[in-house]
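Chains as they are written, first to last, in my numbering: chain D, 265 to 565; chain A, 189 to 424.
Keep in mind the hints are simulated off the structure, nothing from the lab. Values in this document were obtained by computation on a predicted structure and should not be read as measured data. Don't be surprised by glycine CBs; every beta carbon is placed ideally from N, CA and C. There's no promise every hint is true.
Claimed, not checked - From the derived model, a few chain D residues whose C-beta atoms are all more than 12 Å from chain A:
(1) 271
(2) 280
(3) 348
(4) 421
(5) 433
(6) 471
(7) 475
(8) 478
(9) 539
What the hints assert, rightly or not - Lysine to any residue pairs mimicking SDA-like chemistry, simulated, CA-CA at most 20 Å apart:
(10) A/287 - D/477
(11) A/244 - A/292
(12) A/287 - D/470
Chain residues, written in single-letter form:
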Amino acid sequence: MRLLVVHLFYAARSAIRGLWASPVTTGVALVTIAVSLVLVGAFGLLVTNMQGLLDRVGEDLRVTAYLEEGISDEDLKRLALLTQTVEGVASVETISKDDALRIFDERLGGRSGLLEGLEYNPLPASLEITLVESQRSVGGLRVVVESLDGLPGIEELSYGEEWVEGYARALSMIRGLGVGVACVLALATLLIVGNTIKLAVYARRDEIEILGLVGASRSFVRIPFLLEGFTQGTLAALMALGLLYILYRILTPSLAAGIELLMGHASPAFFSPFQMFLLVASGAFVGALGSAAAFVEGGRR
Amino acid sequence: MRREPPVTDPFVRMYHVSKSYMAGTFALHDVSLEVDRGEFVFLTGPSGAGKTTLLKLLFAAERPSEGQIILRGRNITRLREYGIPALRRRIGVVFQDFKLLGHRSVEENVGMALEVRGTPPREIRSRVFRVLKQVGLQHRRYHRAEALSGGEQQRVALARALVNDPELLLADEPTGNLDPELTLEIMDLIASAGARGTTVVVATHDLSLIDRYAKRTLHLEAGCVKRDAGAAAISA
Ligand SMILES: Nc1ncnc2c1ncn2[C@@H]1O[C@H](COP(=O)(O)OP(=O)(O)OP(=O)(O)O)[C@@H](O)[C@H]1O
Ligand SMILES: [Mg+2]
């Protein structure tokens, strides 16, 4: 136990020495890693916020089933009951042709002269279907729509599909792009840290040689470098987090206005504490991994 | 202070050891020898005879191409990579080129040999002070090693080799570039370590040393032991 503490003390001292010994290299590495993490973090923020928006939109999702012309009242009732049994459906409201006409009339604000000339009612009867909470998502919606599709008497289903699906597609594209960018940047970070550590190993090759000659174990030599990579990753992630927060505070007011216009309500959120922890942890992990990789590649001693 | 020597087993035993860096040439060829615990041995011979190679084999910086090396009852030719550090912590080595870290203090340079074993900082300070006093450099312990003269650096290297109280002290041309006065100073320090019971092997070109100290001398030539003269034979 005591031995471990002493060894950790020497390793930490050696790592700090190493970071101080070449402040320019350390600084450049820190900034580069931080910028990578800012990009990854920005994608993360975009995706979480878009997802949140989509979830909220989901609450308003409903399906309108327009019915065939000339459907009898009896068939209509039966269809409504049948629809009610479809999994994922919460409620079904029947809107007859007359109702539809009345609603249309009301929407127009009583200037119904427009319709008076018609000899027949052109509006179809319909079912207004709301979904149970668990189905209120694009995926859930699609499942319900598929079950409804083909029920006898239903002419057409409408659920704002273009908009919802377009948005969902954009979201999954951005998410995919984000994952791709994150992978590329993680690799880049790995290389940057790996290279910094390789430089550090090279700069301290005399020390490493002598340590080996006086009986240092492999871990005694390597752990300080792992700590260095770990520290670099952690510091860079903290820097990135700070930078992201500043960007968030600067950009939110103008962005919120635009989003509000589009969606009705919006308040872009920053990372949750857990997400922040994840970002810092991944920075630390990539840092340590990068320095481990430097040794695997750089070989022995 | 020293451990009791176990019955009669020699401390170092080399059986038909050969070392070849390149196929077809031998740096050491079929060397067999024994060194007893507490013995003091000079290793001499012309340049390229294999002196450094022999020392390197003893602290596992190189592996023999053939043959076995037994050190304090352990076959070190079968040592795995992770077994090497423990071996080196029992051995003190003075390198011909000192191998000091110039920008570190004398104290840190000597202390390194103790840090690698996890000795706590406070204990290191006191042990380093004691050994620096032995070599007469305690007043320079906070100086950077590169600020010291060649002779002083040589003494720092010796202090580092002695600080962990080694069972075996290997010195490769420890007086290589020193004037006669410093040469004697260093050799006296090594000899006094030997007098305290440490087994000592010193590689040197300097025949005057061999005359002066009258110890067992192994003469290497082209990788072979040409002469193994005991202390008595030389002084006779
Ligand atoms: N790392 C190496 N790679 C290839 N050949 C080597 C290596 N080290 C030593 N040799 C060769 O092995 C032979 C013995 O070298 P060694 O250094 O042991 O001699 P030495 O007796 O210490 O010489 P010196 O008195 O000049 O220090 C020499 O011919 C040398 O060229
Ligand atoms: Mg030599």
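Hint-by-hint comparison with the structure:
For residue 271 of chain D, the non-interface assignment is contradicted: its Cβ lies about 5 Å from the closest Cβ of chain A, within the 12 Å cut-off. No Cβ of chain A comes within 12 Å of the Cβ of residue 280 of chain D; the nearest lies about 15 Å off, and the non-interface call holds. The beta carbon of residue 348 of chain D is kept farther than 12 Å from every beta carbon of chain A, the shortest such distance being approximately 72 Å. With a least CB separation of 70 Å from chain A, residue 421 of chain D remains clear of the 12 Å interface cut-off, as annotated.
Listed as a non-interface residue, residue 433 of chain D keeps its Cβ farther than 12 Å from every Cβ of chain A; the least gap is roughly 55 Å. A Cβ of chain A approaches the Cβ of residue 471 of chain D within 12 Å, the least distance being about 6 Å, so the stated non-interface status is violated. Some Cβ of chain A comes within 12 Å of the Cβ of residue 475 of chain D; the nearest lies about 6 Å off, and the non-interface call is violated. With a minimum CB-CB distance of about 4 Å to chain A, residue 478 of chain D fails to clear the 12 Å threshold, and the non-interface call is violated.
No beta-carbon of chain A is positioned within 12 Å of the beta-carbon of residue 539 of chain D; the least distance is around 39 Å. Of the pairs offered as hints, the one joining residue 287 of chain A and residue 477 of chain D holds, with about 10 Å between alpha carbons and a cut-off of 20 Å not exceeded. Our distance criterion of 20 Å between C-alpha atoms is broken by residue 244 of chain A and residue 292 of chain A, whose separation comes to about 25 Å. A hinted pair counts as satisfied when its Cα atoms are at most 20 Å apart, and residue 287 of chain A with residue 470 of chain D qualifies at roughly 8 Å.
In this structure, the earlier hints numbered 1, 6, 7, 8 and 11 are contradicted, and the remaining ones agree with it.
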